[in-house]
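> So the protein sequences, as listed, match chains R and H.
What the first sequence shows, in full-length UniProt numbering, is residues 1 to 318, in sequence order.
What the second sequence shows, in full-length UniProt numbering, is residues 1 to 318, in sequence order.
In short, the hints are calculated from the structure, not lab data.
Note that CB positions come from ideal geometry on N, CA and C, so glycine has one too.
Fair warning: there could be bad hints in the mix.
[Claimed, not checked] Distance windows between CB atoms, simulated:
hint	chain 1	residue 1	chain 2	residue 2	range
1	R	61	H	7	43 to 51 Å
2	R	53	H	267	20 to 28 Å
3	H	270	R	229	41 to 49 Å
4	H	242	R	158	47 to 55 Å
5	H	267	R	116	54 to 62 Å
6	R	107	H	288	32 to 40 Å
7	R	202	H	267	18 to 26 Å
8	H	99	R	75	47 to 55 Å
9	H	111	R	61	25 to 33 Å
10	H	36	R	171	38 to 46 Å
11	R	36	H	267	32 to 40 Å
12	H	266	R	313	35 to 43 Å
2 protein chains.
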Amino acid sequence: MEVDEVVCLPRLSRVAVCGGTHGNELSGVYLVRELLKVKKGVMEKEEEQEEEEPLSVLKVLSNPRAMQQCRRYVDTDLNRCFTHIVSLSPSGLTSGTVPYEMIRSRELNAMLGPKGRSGAVDLVCDLHNTTANMGLCLIAYSDCDWICLHIFRHLQRKMPDIPMRYIHFEVSNKESYSLDSVGKHGFAMEIGPQPHGVARSTVYTAMKAGVQHMLDWVCFFNSGTLFEGESVDVFTMIKHIDYPRDSETRNITAAVHPHLQDRDFCPLHPEDPLFQTFSGETLRYKGNEPLYPFFINECAYYEKGIALSLARKRRNQL
Amino acid sequence: MEVDEVVCLPRLSRVAVCGGTHGNELSGVYLVRELLKVKKGVMEKEEEQEEEEPLSVLKVLSNPRAMQQCRRYVDTDLNRCFTHIVSLSPSGLTSGTVPYEMIRSRELNAMLGPKGRSGAVDLVCDLHNTTANMGLCLIAYSDCDWICLHIFRHLQRKMPDIPMRYIHFEVSNKESYSLDSVGKHGFAMEIGPQPHGVARSTVYTAMKAGVQHMLDWVCFFNSGTLFEGESVDVFTMIKHIDYPRDSETRNITAAVHPHLQDRDFCPLHPEDPLFQTFSGETLRYKGNEPLYPFFINECAYYEKGIALSLARKRRNQL
């Protein structure tokens, strides 16, 4: 009988749960507001146990100004502001022309980071919604972060009715751009479909349960529980595909094909329908290998030139 | 055998098809852009026939500045600007502080109206999307406009797979506020569900078919076709219900209940679940008669204080 090696990791003392990084993704906004109300409730029952060092859960509303306007951002996408956060000099940010989100990203880095330093929180869970039919996804920069992958497996087991995937964006720690990159470990919890600016009760409830199970797992982990090795399917992002556009106006000239719409994580094969033009023509996928589409027709990505992303699936052994 | 009275109405010479009245409702934006490309295509084949006076179809992008920003509006909701459009003096609108949409509404009134005058276009079809699960709805200020009701019946017959309803907002012509009120006849064609800022191919295709069938009907009508009397179910709006809100912050404290979400036009009975609070409590409908909910959880109505609207259903004889 083969005996697996035992991995020992330091406990997670400080966890941040962030909502409203995009001000119109409402599940996270309302969930964090709710958590802020509950000082000593179900979400932090571990504090009442006899532990040497209780778990500290920071609840953060990341972009209050965008939330107030119910927009993704005010000046620039906050969740793309954390790449060179360390190297920014304070003097460069005092001018009135600095985008609000650049200033806010520094505040968040001071609160939850500094990114890449020992003082950073142990884990950042940043809450997001998508208009794509993606179920619940954890999105992380690593495909072998033991903490993130085990949390994912715990959520999968605890919420069997929710389609759940682990997405890996292969970006070095230096180039990582999102709020969750500020923590020692971190991921985005992305749930859809939900229109931006709308709160759907089932999506809110799934996010609430996901956060609760995540915190529960951290408590198990901190109490010294031994977790069995297991396998996780990881979807690694390979490339983005933009909409067909008019060469002059840059307006889109087609929508995602009805056969592809809402089929996130179903394999897309060469010659499968990809777009339907506004005049009725079908455009097909010209790649040379089947890949897994996700973020299909995500509202916020029209401006980024992304109609869908494509991933390769691999089974990772923990 | 009873013989119905024959109603004779003047021909419809000028029809306006408007999109982008709300800049982030994309089906109408892309459909009108497409129609503007097709100078002599399928949409206007009637022009090629030997008629004394060919049908004139005006295709209008109502709010270009909001479209460019992919927002509902820039300064104020354009589709609420047409109430007192006639009485506005030109001098009052030259100041830089005048909301963009007030200026644009005057331009549109000059183009399609003047509202309430003989020079106005015969019919305005204004294209909209909703995040609510409403299928295709015609929304009009009259429950007995012969033209609008017959167009509705024609669309119902031609598009049997699309759930279709006729909604009546009981507002006098004087108080009517929307762009479609500028024409001699007019309605909004509202299709959902679709997130704002997103184009779904099936929704676009349904809208394109709806507009085509509407124009076809106008041609039948103009050619002297006799239409049989028939009956139409009309949903008359009775009242709006707001979300439960925090008395201090005015933030919403509940989402539409999962049992009600997406059940537009299914009867809501006293004591049926209405909302689910963010702490998990169910709030029930306290009305004393069953009514028909619609615009359930429409994104744009959070700011208007409308979680859903309620209608009474009645069968109208044409």
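> What are the numbers of the hints that this structure violates, sorted from low to high?
Hints 1, 2, 3, 4, 6, 8, 9 are the ones this structure does not satisfy, whereas the remaining hints hold.
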